[in-house]
Amino acid sequence: MAAIEILGLEKTYTVGFWRKKPKQALKPLHLKVEDGEIFGFLGPNGAGKTTTLKLLMGLVFPTAGTARILGMAIDEPRMKAQIGFLPEQPYFYDYLTASELLNYYGQLSGLNAKLRSRRVGEVLNLVGLPDIGGMQLRKFSKGMLQRVGIAQAILHNPKLVFFDEPMSGLDPMGRREVRDLMEQLKHEGKTVFFSTHILSDAEALCDRVAIIHRGELRGVGAVAELTSSVHGQVELVWQGTAVPASVQGFGAECHVTGDTVRAVLPEDKQDAAIEVLRRERLRLISVTPVRASLEDYFVQKLQPTEALAGAQP
Amino acid sequence: MSARIVHIAANTFREAVRDRVLYNLIAFALLLSGAAILVGQISIDIERLVVINLGLTAVSLFGIVIAIFIGIGLVSKEIEKRTLYTVLSRPVRRWEFIVGKFFGLTGTLFVNTFFMSIGVFGALLYVSHQFQKADGWVLVALYFIILEFVIVTALALLFSSFSSPLLSAVFAFALFVIGSFSEDLRGFAAMAHGVTHWLATCAAYLVPNFSALNVISSVAHQQPVSGQLILYNTAYALIYAVMALSGAVVIFEHRNLK
Numbered sequence: 001m002a003a004i005e006i007l008g009l010e011k012t013y014t015v016g017f018w019r020k021k022p023k024q025a026l027k028p029l030h031l032k033v034e035d036g037e038i039f040g041f042l043g044p045n046g047a048g049k050t051t052t053l054k055l056l057m058g059l060v061f062p063t064a065g066t067a068r069i070l071g072m073a074i075d076e077p078r079m080k081a082q083i084g085f086l087p088e089q090p091y092f093y094d095y096l097t098a099s100e101l102l103n104y105y106g107q108l109s110g111l112n113a114k115l116r117s118r119r120v121g122e123v124l125n126l127v128g129l130p131d132i133g134g135m136q137l138r139k140f141s142k143g144m145l146q147r148v149g150i151a152q153a154i155l156h157n158p159k160l161v162f163f164d165e166p167m168s169g170l171d172p173m174g175r176r177e178v179r180d181l182m183e184q185l186k187h188e189g190k191t192v193f194f195s196t197h198i199l200s201d202a203e204a205l206c207d208r209v210a211i212i213h214r215g216e217l218r219g220v221g222a223v224a225e226l227t228s229s230v231h232g233q234v235e236l237v238w239q240g241t242a243v244p245a246s247v248q249g250f251g252a253e254c255h256v257t258g259d260t261v262r263a264v265l266p267e268d269k270q271d272a273a274i275e276v277l278r279r280e281r282l283r284l285i286s287v288t289p290v291r292a293s294l295e296d297y298f299v300q301k302l303q304p305t306e307a308l309a310g311a312q313p
Numbered sequence: 314m315s316a317r318i319v320h321i322a323a324n325t326f327r328e329a330v331r332d333r334v335l336y337n338l339i340a341f342a343l344l345l346s347g348a349a350i351l352v353g354q355i356s357i358d359i360e361r362l363v364v365i366n367l368g369l370t371a372v373s374l375f376g377i378v379i380a381i382f383i384g385i386g387l388v389s390k391e392i393e394k395r396t397l398y399t400v401l402s403r404p405v406r407r408w409e410f411i412v413g414k415f416f417g418l419t420g421t422l423f424v425n426t427f428f429m430s431i432g433v434f435g436a437l438l439y440v441s442h443q444f445q446k447a448d449g450w451v452l453v454a455l456y457f458i459i460l461e462f463v464i465v466t467a468l469a470l471l472f473s474s475f476s477s478p479l480l481s482a483v484f485a486f487a488l489f490v491i492g493s494f495s496e497d498l499r500g501f502a503a504m505a506h507g508v509t510h511w512l513a514t515c516a517a518y519l520v521p522n523f524s525a526l527n528v529i530s531s532v533a534h535q536q537p538v539s540g541q542l543i544l545y546n547t548a549y550a551l552i553y554a555v556m557a558l559s560g561a562v563v564i565f566e567h568r569n570l571k
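If you read the protein sequences in the order shown, they are chains A and B. Per my numbering, the first sequence starts with residue 1, numbered consecutively. Per my numbering, the second sequence starts with residue 314, numbered consecutively.
Fair warning: there could be bad hints in the mix.
Said to hold, decoys possible - Chain A side only, calculated, beta carbon under 7 Å to chain B, not exhaustive:
#	residue
1	L59
2	I74
3	K80
4	A81
5	F85
6	P87
7	Y91
8	Y93
9	Y95
10	Q107
11	L108
12	S109
13	Q152
14	G169
15	C254
What the hints assert, rightly or not - The calculated lysine-lysine pairs, modelled on DSS-like cross-linking and capped at a C-alpha distance of 25 Å, are:
#	chain 1	residue 1	chain 2	residue 2
16	B	K390	A	K142
17	A	K21	B	K446
18	A	K23	B	K446
19	A	K139	B	K446
20	B	K394	A	K142
21	B	K446	A	K142
22	A	K27	B	K571
23	B	K571	A	K20
24	A	K301	A	K27
25	A	K139	B	K390
To be verified - Output of the computed footprint for chain A on chain B, the stretches with three or more beta carbons under 8 Å from beta carbons of chain A:
#	region
26	318-331
27	421-428
Don't read these hints as lab results, they were simulated from the structure. Where is the CB? At the ideal position from N, CA and C, for every residue including glycine.
In isolation and in its complexed conformation, chain B is listed as follows (with noise of 0.2 Å):
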């Protein structure tokens, strides 16, 4: 990776740090260590299933909306404020400040998940007094949340390029929402006929996909998740997150900053 786009991933990192962007670690804090005492106090035997669904709902929301809230903004906010004028006017070229950005906002989210993933296991640990080996699946689940939002960061970064940031904001939730009910899409897709069978299907296949990507209940019921899907879900996240950055680039290596 060129250095140029290391340094533009730190930047971004250290606007989000300074932004107090971290600040909803606070949040999600005193949601989950309430939710822990309250469910400690009135569950019998689920405490385990539903901090763990809590948990990890609560890390995959607090991550959409940072992704997206930041993402939407990193291009546009950019061109609005000038600053980018004094960035493009030395040897960066356009692909290496869209990706830099794109890293920047990643490696936030990372150590933002990280943090609530800690979080995540204290809980665990404080209503069951110990671990357990299906545990682990836990990992996996907060392994593809990050995933998710590798493919929303791209997303926002893609509309960024060319749409104003609430635009680009109407437009990332709604590819999450709709994307969150992609299997039901691809369910009707099946089921319809004639242009409504073609038009669902293209539908279906061009949302992300984040029904796959979603695994917390089976990991809160302490199922197993395959290999498979662990292979799958990484190509997949990683070619939409790819197509999604490159159509940033290419608009974005095409538009007159006025």
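One chain only, chain A, in its complex shape (with noise of 0.2 Å):
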């Protein structure tokens, strides 16, 4: 069974003064997300990726379609308990301290009130903020806020956490940890749905993609398989700053960084560039084909669709 499903989840808002103009927020989506994975909602601001969480949360309703979630619809009590949300730039109420609104969370989630008290500790502890549960959330820093949006997500245990942008305001020791914790909910077996446009993030840590444009999928895949096209180039690095010529000969880009040298030239050259490397005594570091980024594809696939048509023969 599928962890999510979404069929033609269509968003449609009426804007202006007399709401007669329509905004298409969404166009028909359909989407797969299987049990277990993490999958990465990728786009730029304003694609339309917290628009389709909030859809599958019944913040919004559907102009069309619809979406099934661990085999439930979306507006079922017994499914949201088993899911978690983090909103982006999420807020909550300031005058509650971190221990107080994973109480409240918890009770609201159902929780008794022993594993209420046992859960709200770990996942504090969790997501590194294990000796302030006690202070009021309106002296939060942005960064700490995010981090007790990803504790009351998990607070439940569910089998299935959406994550609209969470390393939003994080500093790069935080970004690591969310990682490491979004790997962790994978190895106990949980789904892991988040949203972001930061590549980097989501190449490091998703299964598979699904890339959003204009409201528009453009795309969905395995990370693994949408970077493996290669380019039919291999990228040489050796130690030193001499580029001889005639490796510049064979149509290398070649890039001097500190001792080293980089070279990005036809694979049909390997061989050739090698053996001007060893006649020159210089020290080959490494060998390695080159292969499109997931930046590479997002790219591509964040081009028009009429340009795309055009390029394809």
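Fit chain to chain and form the complex, with the hints in mind.
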């Protein structure tokens, strides 16, 4: 059974003073997220990521289409007891302490008092806030609020977690910890669906990604597949600052950084270039095929549909 | 009642307490004790009348102001600050949220009124040195004031479910003022003819009848309140509040939380 099954979900808002002008925030979206995977929902700002998440959480109602989460309808309370949600730039009741807030959310999620008390301590520890459970949230920094947001999303041990821009507001250490946490969730058999526009996070974490732009799904696939296409080029790295003229003659693009040289050249010139380096007594460090990055794929998918159609043979 | 409604109500009460809403009790205590001392010095034989009138009117006005100013933000503030997202993504139905908020605020007003009532009876004891049998009717007047709060809270929630806090405050205050003169409106409707008669009659029955809930003057004059009026007012306030609350639920159930 798929963890999330989106069947033609669509959202059109009416804007303007008389609310007569339609604005399509999400074009019919079909998407399936398998159980136990980390799924990245990528797109630039305003692409429709948050709208999709709000539709799945039942915060806004679809114009058309439907979705099933853990095999249940999106307004089913039994389903909501099994999911966690971190909204973008979360804001919480600032008159509460972190422990009180989590305790309240635990009550709403149906956890009993004993379990709540244990889980509140556990999740605060897990998100790196072990000693400040008694501090009012109005005194928290943006990064600390983000951590509390993550804590409330996993408090009730959900099977499926939705994170909307989970790395937002976090310092490098915090981002690393959240990445580790997501991997831990996956290791525990949970499904993680997260939206981001930070591609390095997605590339490092996701089993599969979907790219959305202007409310339209532009591509879906496994990260390994999307980044495996070889451009027919190799990258040679050698020690030193010297670039033999014959290597440049192979059509290589060379960059000198410190005491290393990186050269990207056609695959069929690889052996000849290595032979030149050996002759010149330059120490070869690595030879790697040039692969498409997730960024390449992302940029390609963000190009207008017409341009892509025109570019294809 | 579902446990989730109780938790939401408790959190609403806690918010009001932490936002220092109950600090109004200090202002109330100062007002009432000052009035009692002053009345004791300048009035002859009407101290009880003045203290009951002033005390109960203050209880009513303080509570109405709290009901409107907190009530109008109960839903809109949660949407604006997005605190609602992490509540509604849990197994909480939208109607449970509205009902929980309603009980949270009416609970706050009940506690507030309880402490103010102690103040009123304290001032009464100060000026008359002993309680009289007719003072029991003050409790009925306080009960009617709580019924007023129930209606105003439900109306504030109704406006909060679709409008901005400013407009909600204007609507709620306007209804409170018009409702306080609803007997006059009904009198006018009876005298009017044609379309005016129908419009005035509709308006008179649509606005909450706060005139019927106001027995402050009669209990101050030690006049009894009939059991029939108590029953009628109780049924009226509950039905009116349930209708307003149902309206809030229907609107909120269909609202996109952008």
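To see whether the hints hold, each was checked on the structure:
1. L59: Given a least distance of 4 Å, the restraint on L59 of chain A holds.
2. I74: 11 Å, violated
3. K80: 4 Å, holds
4. A81: OK, holds: A81 of chain A within 7 Å of chain B, min 5 Å.
5. F85: 4 Å, holds
6. P87: Given a least distance of 4 Å, the restraint on P87 of chain A holds.
7. Y91: With a minimum Cβ separation of about 5 Å from chain B (threshold 7 Å), the hint on Y91 of chain A holds.
8. Y93: Interface hint status for Y93 of chain A: holds (6 Å vs cutoff 7 Å).
9. Y95: For Y95 of chain A, the interface hint holds, since the closest Cβ of chain B sits about 4 Å away, which is under 7 Å.
10. Q107: 4 Å, holds
11. L108: OK, holds: L108 of chain A within 7 Å of chain B, min 5 Å.
12. S109: 5 Å, holds
13. Q152: 6 Å, holds
14. G169: 15 Å, violated
15. C254: With a closest approach of 51 Å, the C254 of chain A hint is violated.
16. B:K390 / A:K142: 20 Å, holds
17. A:K21 / B:K446: Since the Cα atoms of K21 of chain A and K446 of chain B sit roughly 67 Å apart, the hinted pair is violated (cutoff 25 Å).
18. A:K23 / B:K446: Status violated; Cα separation ~68 Å.
19. A:K139 / B:K446: 53 Å, violated
20. B:K394 / A:K142: 14 Å, holds
21. B:K446 / A:K142: 60 Å, violated
22. A:K27 / B:K571: 17 Å, holds
23. B:K571 / A:K20: 18 Å, holds
24. A:K301 / A:K27: Since the Cα atoms of K301 of chain A and K27 of chain A sit roughly 16 Å apart, the hinted pair holds (cutoff 25 Å).
25. A:K139 / B:K390: Measuring from Cα to Cα gives roughly 20 Å; hence the hint holds.
26. 318-331: With 6 residues closer than 8 Å to chain A, the region 318-331 of chain B meets the three-residue bar; holds.
27. 421-428: Our answer is that it is violated, as 0 residues pass the Cβ test (under 8 Å) against chain A, missing three.
Taken one by one, the earlier hints fail for this structure at numbers 2, 14, 15, 17, 18, 19, 21, 27, listed in ascending order.
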